[in-house]
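Chemist: Please construct the entire structure, taking both the sequences and the accompanying hints into account.
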Amino acid sequence: MRFFITLWISKFIAFAVNRIDKQRGSNYSGKIAVKLMSNFVSSFQNIDYNKVFFISGTNGKSTTTNLLYHTLTQAGKKVASNVEGANMMGGVATTLIKNSTLTGKFSKEFLVLEIDERSFPLIRKQLPGCNMGITNLQKDQVQRNGDPDFILRKFRSAIGKDMTLYLNNEEPRSLSLGTLAGSYKTFSIAENSRTYTSDDFYNVTLPCPVCGHPINYKNYNLANIGPFRCTKCSYASAKAPTVLIDSVDYENNTFTCSGTSWQVPYNNPFYIYNFAMCITICREIGLSDAQIQAGFASFRNPASHEDIIYYRGKEIHYLRGKQENPEALQSELDVIAADTRKKAVFVGLYRVEDFYPHYAGTFYFFDCDFQNIVKSNVECYVAFSQNVAYDIASRMILAGAPEEDVTIVNSDEMSQIFATLDSIETDIIYVLTNPKHARVVKNYLNQGGDSNA
Amino acid sequence: MPEITVGWMYPNLLNLHGERGSVQALVQVGKKMGVDVTVVRIEDIDDPIPFEKLDLLIFLPGEIAVFQHLIPALTNSDLSHYLEQGGYALAMGTSGLLFGKTILREDGSVLEGLGILDMTAKERKYVWGDDLHFRINDPAMELAGSQIMMADVYASEPFGTTIYGRGNNNTGTEGARYKNLIYTNCMGPLLVKNPWLAEYLIREILLKKSIELDVNVDHSIAESSLNATLQFIENKPKK
Chain A
1 MRFFITLWIS KFIAFAVNRI DKQRGSNYSG KIAVKLMSNF VSSFQNIDYN
51 KVFFISGTNG KSTTTNLLYH TLTQAGKKVA SNVEGANMMG GVATTLIKNS
101 TLTGKFSKEF LVLEIDERSF PLIRKQLPGC NMGITNLQKD QVQRNGDPDF
151 ILRKFRSAIG KDMTLYLNNE EPRSLSLGTL AGSYKTFSIA ENSRTYTSDD
201 FYNVTLPCPV CGHPINYKNY NLANIGPFRC TKCSYASAKA PTVLIDSVDY
251 ENNTFTCSGT SWQVPYNNPF YIYNFAMCIT ICREIGLSDA QIQAGFASFR
301 NPASHEDIIY YRGKEIHYLR GKQENPEALQ SELDVIAADT RKKAVFVGLY
351 RVEDFYPHYA GTFYFFDCDF QNIVKSNVEC YVAFSQNVAY DIASRMILAG
401 APEEDVTIVN SDEMSQIFAT LDSIETDIIY VLTNPKHARV VKNYLNQGGD
451 SNA
Chain B
1001 MPEITVGWMY PNLLNLHGER GSVQALVQVG KKMGVDVTVV RIEDIDDPIP
1051 FEKLDLLIFL PGEIAVFQHL IPALTNSDLS HYLEQGGYAL AMGTSGLLFG
1101 KTILREDGSV LEGLGILDMT AKERKYVWGD DLHFRINDPA MELAGSQIMM
1151 ADVYASEPFG TTIYGRGNNN TGTEGARYKN LIYTNCMGPL LVKNPWLAEY
1201 LIREILLKKS IELDVNVDHS IAESSLNATL QFIENKPKK
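In the order they appear, the protein sequences are chains A and B. FYI, the numbering used here numbers position 441 of the first sequence as 441, with every residue one higher than the one before it. FYI, the numbering used here numbers position 108 of the second sequence as 1108, with every residue one higher than the one before it.
The hints are simulated quantities; they were obtained by calculation from the structure and are not laboratory data. Just so it is clear, CB atoms sit at the ideal spot from N, CA and C, and this is done for glycine as well. Wrong hints could be hidden among the right ones.
[Said to hold, decoys possible] Just the calculated beta-carbon pair ranges, DEER-fashion:
1) A:S411 x B:T1038: 36 to 42 Å
2) B:R1135 x A:D354: 26 to 32 Å
3) A:N252 x B:E1204: 56 to 62 Å
[Unchecked claim] Covered stretches of chain B (chain A as the covering partner; in silico rule of three or more C-beta atoms under 8 Å from a C-beta of chain A):
4) 1126-1138
5) 1152-1162
Modeler: Right, here's the structure in full:
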């Protein structure tokens, strides 16, 4: 009876929130329900756990969840998902509240859930879904997670033999979880035009999750993602992954999979891995390649990381990279480095203000490689954001940026940050901040801009 | 040109929090001082460590999970002898725990450390991340940066006294020291944000070789960084 009362209250809250503002309170009803009844999620009926797909990992889980939900829906499947992004217990509860009858019967066929890595053990206890895709396990939110092993242990504690995992064949930590599950499928990207090797003296990899000796990469598709092999034990990327993406053409947004050409709307390496995981899962569900391709073709990501804004005669490429997440930040830095036109590079990392205590750490920037940007024809650099601008400048200078070319703006004021713009010769400007400051930066540039691309 | 050689210990295994920047900072500060700082990567647990050639060992933060592999290898090496003879070593973040007596892990298991520092550690259930500002007496200087605490630490001979931050265990102590082995929780990277510590280490190592340098080193960007960090600490919202 307690479940029904909680469900009805939370359904009413969800209805009311939806009437007031659809954009806000994406997990409010679920949060209340979980407060009223801690095992609320476990009480729903009619869920086929073989058709529950958790999507987790450090980078790419939101995009992959959206992509999988979109592709399955386009193929005519009835799917519930937390695509709004609330990925902890409250968000899962909200998804179930919105997709169930008044008697708590789940009303869809598939349940696709983006899951916060730390919350996975708790969620799986209440919702024993049998499928999980893990995009990658990398350094992220160290103030909460400390190090990747902290998250790896969370996953190890909750993965069971009743599960099938979908794993990146080129990311050592997440791939190591495969043996804990009943079965696992892998996906890979073959060497392509953006694949690189590193002979940088300061390059570091990671310890083998099996034996603790160093991992070596044959090459990289992304930072710390590429075909790998332990220097000591036999742990390595599988030679024959379940799905292999080949012939990636970044110019024309195409790749080859199982001999046929696929057209996709987005094309950086993170996206290609997301597509690869989605193909692997959708094929397992039984979708045809034509159905999957149709889903990909019409997919639009609500959380794009790049805009081009025209401002005071300059072409401003505005990129966002997450704080405390060197691999995601590196992906954006690679975009800048790939443009060999003469350019100015503005970087603002800001303080970390997710929760108490706020802190002024930017050390994750030192896990990123900046020297490729230095070699890519940069006229000048601007290191900005209050309290941390000097540390950003230090990173640039250590990577070889001439000190005299680095302007330090110890401020969050947009007018001060862009004060030097008119004195910059080139019209190509790259601005990189974290996503949380995107609204302020875009508003400032758009209000004074010529047009918005 | 005076030369010193730094052993960068297990770069791929102790690889966290961008602290490789401290290795780069050592080279950069050396350059400013007119000192040739050569860095030697000690790649793997099985690799021999050429202690006789190394003036400073640097251990960057790493996952506690790899310590079970590192501790036996370091126990069987000449590390203790090197440190007893006054060799210099700098351990940042979790890597300092290697040198203590025990690490009590969250699952209840106990990892025996090298026992060089009179120190024990208890792994935390929740990570604690914050800014860190502390003072040391030998040499007298203030250091600042960040700390990501995976474990609370109890050391009989701390390296410094906190001005702001949790330090070892929120009781005002920070890090530990034994002879020329320094352990600190401070990162940022440590030697990027505090190049005066790098300068001190280089000067001390050269003094041991009877080389005294008469140079003034410009740390103006780091000094501005320190002021900006302290301003943030002063004004940061309380819970």
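Chemist: Please go over all the hints and tell whether each is borne out by the structure.
Modeler: Evaluation of the provided hints:
no., hint, in the structure
1, A:S411 x B:T1038: 36 to 42 Å, "39 Å, holds"
2, B:R1135 x A:D354: 26 to 32 Å, "29 Å, holds"
3, A:N252 x B:E1204: 56 to 62 Å, "59 Å, holds"
4, 1126-1138, "holds (count 4)"
5, 1152-1162, "violated (count 0)"
Of the hints listed earlier, the one the structure fails to meet is number 5.
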